[in-house]
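In terms of UniProt numbering, the sequence shown opens at residue 1 and continues consecutively.
By construction, these hints were calculated from the structure, which means they are not laboratory data.
Nothing here was measured: the structure is a model prediction, and the numbers come from that model.
A virtual CB, placed ideally from N, CA and C, is assigned to each residue, including glycine.
Each pair of labels, with its calculated beta carbon distance range:
hint, residue 1, residue 2, range
1, 318, 20, 49 to 57 angstroms
2, 134, 108, 36 to 44 angstroms
3, 39, 488, 36 to 44 angstroms
No farther apart than 30 angstroms at their CA atoms in a straight line, the calculated lysine-lysine pairs in the BS3-like style are these:
hint, residue 1, residue 2
4, 488, 193
5, 358, 514
6, 455, 229
7, 419, 455
8, 514, 113
9, 477, 455
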Amino acid sequence: MKVFSSLLQRITLRQFFIIILALVVLYFASLFMLMGSGKQVELQDVLLLAALILIFNASRIAFYAIVIPIALAYTLYAPVGLMFGEPNYQYLASVLATNIAEGTEFLQQIPLKYYAMAIAIIPLLLFFRYLTQRFQLKFYRNKTLLCLILFFALVNQTPFAFFHTFFTAAGQVKDELFKLNQLQLESEWGPAKFSGKYKNYVLVIGESVRRDYLHAYGYPIENTPFIEKTNGVLVDGFESAGSNTIASLRLMLTKPDTKRWAPNYSLTLIDLIKASGVKTYWISNQGFLGEFDTPITAIANLNDERYFIANNDSIHNDSSDFELLAPFKQVLQQKTDQAKFIVLHLYGSHPKACDRIKDYKNIAPVKNKKYQYLSCYVSSIKKTDDLLAQVYQALQQQYQTEQQPFTMIYFADHGLAHKTIDGEILFFNNAGSPLHHDVPLFMTSSDSQQHTKCKSFKSGLNFTESIANWMQITNEKVSPQFDLFNCKDDPDDYGLEGRLPKTKRDPAIDIRGK
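Full structure from sequences and hints, please.
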């Protein structure tokens, strides 16, 4: 007690204020670093990191050679981490697949306050260092060796778990891209037989569409007149295989390992269809960097003919999905004895949704800025519905003039999740919703006689085999049990329920009258 009293007597009010200021600065630097990693932050984690920095600050070398480089890494990732969460395979793969235009849009989604928090990390640490040196605040004795021991003791603990997660995910991406760059993989399908009755098979891949925002599934604003009024089958219960484009389609466009949720690039949907004698086409409004820069473009390049509308030689990609119609009609008019399988890969409702409707009317204007983004999102779905109507009309015309029967499927690669930032409700791909995999599925054909809606669970992991059965392609590796439109539940969800975020459901928000 005498020692403590003596210590207090030696500390002036000014010194006490400096000590408190230094500790507060250190606390916020540690807090921003851990928040920037995308993890759920606990107070004990912040205090542990702060204690580590305190010890490292005892050595000038340890502070500048270890603390600052680590803090810089957190700073670089923090805006993304604050917005989308900790690094994983899906986001790193998406970043590597992103072109300049998509990257610009991606960065624009992040609020300025997140950039400010990231930028503040290094100055806060340097200010803490200045205070401790200027006012001789020696919290611990200068023991560089002690710093190093503590560093290695904690290297796998919370302050550094971010790096373990990051490098694990980066390794997965590197391994997969290596496989793709070597993608002269021999198809393992073997012989396949096509016995379908249609001339034209069209698969429309929507982008970032969650089905509870479609009027066809009960949303109060009418944004899907084509899907609702056209004869065919509307399925309520289709679940995508992932929460973003790459994570989902690499599983849906191959016959995956359902236990590990891993793709098999030797068993792609395109290789199977080509093996059956059907000619394949891929028409995309999603850009690419090189021939095999992502799993999806690698699969796209397996097609007999490819058309990419979104070129990456410009900073801004303002290509509209309506630009897909011209090459689509050209493909329809090509003369061939083979049946055709045509993929239309849309940009759809990809964030930022308001940029998707620059060439389209906002059908649900709102007065309250809080709902402005959702207003654009709802309208982007109406734009996609209009596009589907025009694709259908082109197919109908080809059927009437050239007697070419057709069938068409529309689905989306993944849904989205709500997030409120600066008072506005946004709808982004932050994997934070149990409804993230809920996507629309609709099929129509030249001989559909009625409109049917059925509620049945369908797994995206069975998609390749289901498409084969839709086209009546037989192969020893294709199970005939998978049918997207039989109105019966798939037998297994392959652990999807356990993979969904354990967060509160965030149902669609009614923006009428807002």
